[in-house]
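**Q** Going down the list, the sequences are from chains Z and C.
The opening residue of the first sequence carries number 1 in the working numbering; numbering runs sequentially from there.
The opening residue of the second sequence carries number 1001 in the working numbering; numbering runs sequentially from there.
It is possible that some hints are incorrect.
As the list claims (entries may be wrong) - Calculated Cβ distances over 12 Å to all of chain C for the following chain Z residues: (1) R37; (2) E68; (3) A144; (4) R166.
Claimed, not checked - Partner residues are not named here, just some residues of chain C that face chain Z (Cβ under 10 Å, in silico): (5) L1008; (6) N1013; (7) D1014; (8) F1015; (9) Y1022; (10) R1029; (11) R1034; (12) L1177; (13) K1181; (14) G1346; (15) A1348; (16) Q1358; (17) V1374.
Claimed, not checked - Covered, in the sense of this in silico footprint (three residues per stretch, anywhere, with C-beta under 8 Å from a C-beta of chain C), are these stretches of chain Z: (18) 70–83; (19) 123–135; (20) 145–157.
In case anyone wonders, no lab produced these hints; they're calculated from the structure.
Note that beta-carbon positions come from the ideal geometry of N, C-alpha and C, so glycine has one too.
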Amino acid sequence: MAGEVASASAGAFDPVAMPLFEEFFEAQQAGLYGALRLITGNGHDAEELTQESFLRVWERWDRVARMENPTGYLYRTAMNAFRMRRRRALTAARRLIGQRPHQDDFAAAEARREIDRGLARLTPRQRAAVVLTELLQFSSAEAAETLRTTPANVRKLASQGREILRKTIGVDDG
Amino acid sequence: MADLRRALEERRNDFAPAPGGYERLVRRRERRARYRRIEGAALALAVLAVGAVAVARVVAGLGTGPTPGNGTIDASNVGRLRLAWTATLDGPRIPVAPAVANGVVYASSMTSVEAFPASCGNERTCRPDWVGTTGVTTSGQGPSAPVVANGLVFVASDRLYAFPVGCGTGGAACAPLWTSKEHGWPFSNVAVADGVVYVGADRLYAFSEQCPRSRCFARWVSVQRDFQPPAAGDGLVFASSGVVLAYRADCAASPCSPAWQGTAGTLAPPALSGSGTRGSVLVTWGDTLYAFPVACRPGADARCAPEWTATPEPGGELGPPIVGGRLVYVGGTRLYAFTEGCASGGEACSPTWKGPLQSGPAGTQSWAGSAPAVANDVVFASTDRLYAFRARCETSVCRPLWVGPATPEGFGLSTPAVAGNTVFAVSAQGALYAYALSPSA
Chain Z
1 MAGEVASASA GAFDPVAMPL FEEFFEAQQA GLYGALRLIT GNGHDAEELT
51 QESFLRVWER WDRVARMENP TGYLYRTAMN AFRMRRRRAL TAARRLIGQR
101 PHQDDFAAAE ARREIDRGLA RLTPRQRAAV VLTELLQFSS AEAAETLRTT
151 PANVRKLASQ GREILRKTIG VDDG
Chain C
1001 MADLRRALEE RRNDFAPAPG GYERLVRRRE RRARYRRIEG AALALAVLAV
1051 GAVAVARVVA GLGTGPTPGN GTIDASNVGR LRLAWTATLD GPRIPVAPAV
1101 ANGVVYASSM TSVEAFPASC GNERTCRPDW VGTTGVTTSG QGPSAPVVAN
1151 GLVFVASDRL YAFPVGCGTG GAACAPLWTS KEHGWPFSNV AVADGVVYVG
1201 ADRLYAFSEQ CPRSRCFARW VSVQRDFQPP AAGDGLVFAS SGVVLAYRAD
1251 CAASPCSPAW QGTAGTLAPP ALSGSGTRGS VLVTWGDTLY AFPVACRPGA
1301 DARCAPEWTA TPEPGGELGP PIVGGRLVYV GGTRLYAFTE GCASGGEACS
1351 PTWKGPLQSG PAGTQSWAGS APAVANDVVF ASTDRLYAFR ARCETSVCRP
1401 LWVGPATPEG FGLSTPAVAG NTVFAVSAQG ALYAYALSPS A
């Protein structure tokens, strides 16, 4: 890290000009938490994933701050964390009961509103695809990068999700 | 519901994250850093070794750095600070602030106080003019932050030491002019005012600055025991023995009884704001900053309640406060500025502004454990690096004007000392850093 001393002295790295992580956190926290709340279906997971995602971004902030789209990196990190968390939960559940669990967190959550009931009928990946493309207005390519899949698969997942929502609660995509 | 996006947006807006998210994130980061330190003890050793090599590389490249000279650091030029020189002190320790006077910077190491020429710009590594050896405290700590007054340098460890400022050249060993007769207890920071040197130990001791003997007896000793560092001014000396205590500097009795005592204590040096009877003595304890009135008229229980308090980071840990230009500065995971006398009757104050202290990789110190320093409308705070903010920041969240490089070992820096065009700070790894203004482009 003494290299930092040298590079800072030479002016190659200017932390003063760099956006502040705290400002980024304040600007993005509510949006990410809300999106994760819709995807996971419960506040505890959404809070955990929000914190974990921001922490990972913070640890790389000197690089992330200079990216063209730090927010995209944040959501990609959050989706990675969501996928890993779900994978660990599924593995643990299989070990416990010897079979794939039937219900996810969202289905188990109390669905007080129509949109919640609709989202509860989607698979987690369909929910993520719908939230990314409809709520956050990601392109298929951006959502595919975030979800580590292909744009065609994102379109398929989002289409399936919208169809289920349309049949369940009558919303359409405008 | 005809529009899916609007339905999702409306539902998302129902979900607000719990307040205090950033503070939780900071704590999570610190926890993770601790876990990583525990898991990677061996790795940490390797990193330190790499850090030492890197320091050597930095030191090797210092000859081309800025040279301390004329000019004064202010808000308009602080962005031009660059590392000018370093010096190696003897051993890692809790870093204490250096002191600068008349072109000499004094820094306490593990077993000594060392005097360096402040303008060491052409040297790769600065060597001391003289070294004054001291004892260590019973808890194994080195001497306190040096204080320079009237031609003497005072430090305290196992006893109080007074060295003459011009003690030698070329790395000469310096003998103290006098030391305190009292010894044995871990002695705290030193405060000097009106020819009297105050130091806390098992009790608060007051010595004559120009002691005629080589072993000096205290002029007066306090009644109370177990003292934390004092501050002195306006005819009073403040110390803490679980609670803040105010003694009259001209105490005629020995042992001396306090004029008043506060309702909270401190483990860190107090700060004084204002002057005369309108002043305040400020201390931090845990997550709270307390401001007690200097001219307190205690009630029947002899206790003095704070005029105002502030808890900017509930559950956090604030460093020692400092006062400058009618603002009170205190650091935690951020730097906070409060207006002097911002409330009365014990009410809570909100900060005038706050400045984020961002840090580097996990495992490095990202909170301000040392007091900030103020000079020429610039306030400096230290974590594992130095930050400079405009002292009178006009926005509620203040961006730093300058951020220094991280210390190679990632440990914290001391309270900085500012003199002319140079800022000095000591690291926990035992290095003295001098950052000087580089020539304008």
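**Q** All the hints need checking, so say for each whether the structure fits it.
**A** Hint by hint, here is what the structure shows:
1. R37: violated (4 Å)
2. E68: holds (21 Å)
3. A144: holds (19 Å)
4. R166: violated (8 Å)
5. L1008: Holds. Min distance 4 Å.
6. N1013: holds (7 Å)
7. D1014: holds (8 Å)
8. F1015: Status holds, d = 4 Å.
9. Y1022: Constraint on C:Y1022 satisfied, holds at 6 Å.
10. R1029: holds (6 Å)
11. R1034: violated (14 Å)
12. L1177: Nearest chain Z Cβ about 38 Å off; hint violated.
13. K1181: violated (44 Å)
14. G1346: violated (30 Å)
15. A1348: Violated - the Cβ of C:A1348 stays beyond 10 Å from chain Z, reaching only about 22 Å at its closest.
16. Q1358: holds (5 Å)
17. V1374: violated (19 Å)
18. 70–83: Coverage by chain C is violated for the stretch 70–83 of chain Z (0 residues, Cβ < 8 Å).
19. 123–135: That given contact holds, which follows from 4 residues of the stretch 123–135 of chain Z lying within Cβ reach (below 8 Å) of chain C.
20. 145–157: violated (count 0)
Hints 1, 4, 11, 12, 13, 14, 15, 17, 18, 20 from the earlier list are contradicted by this structure; the remaining hints agree with it.
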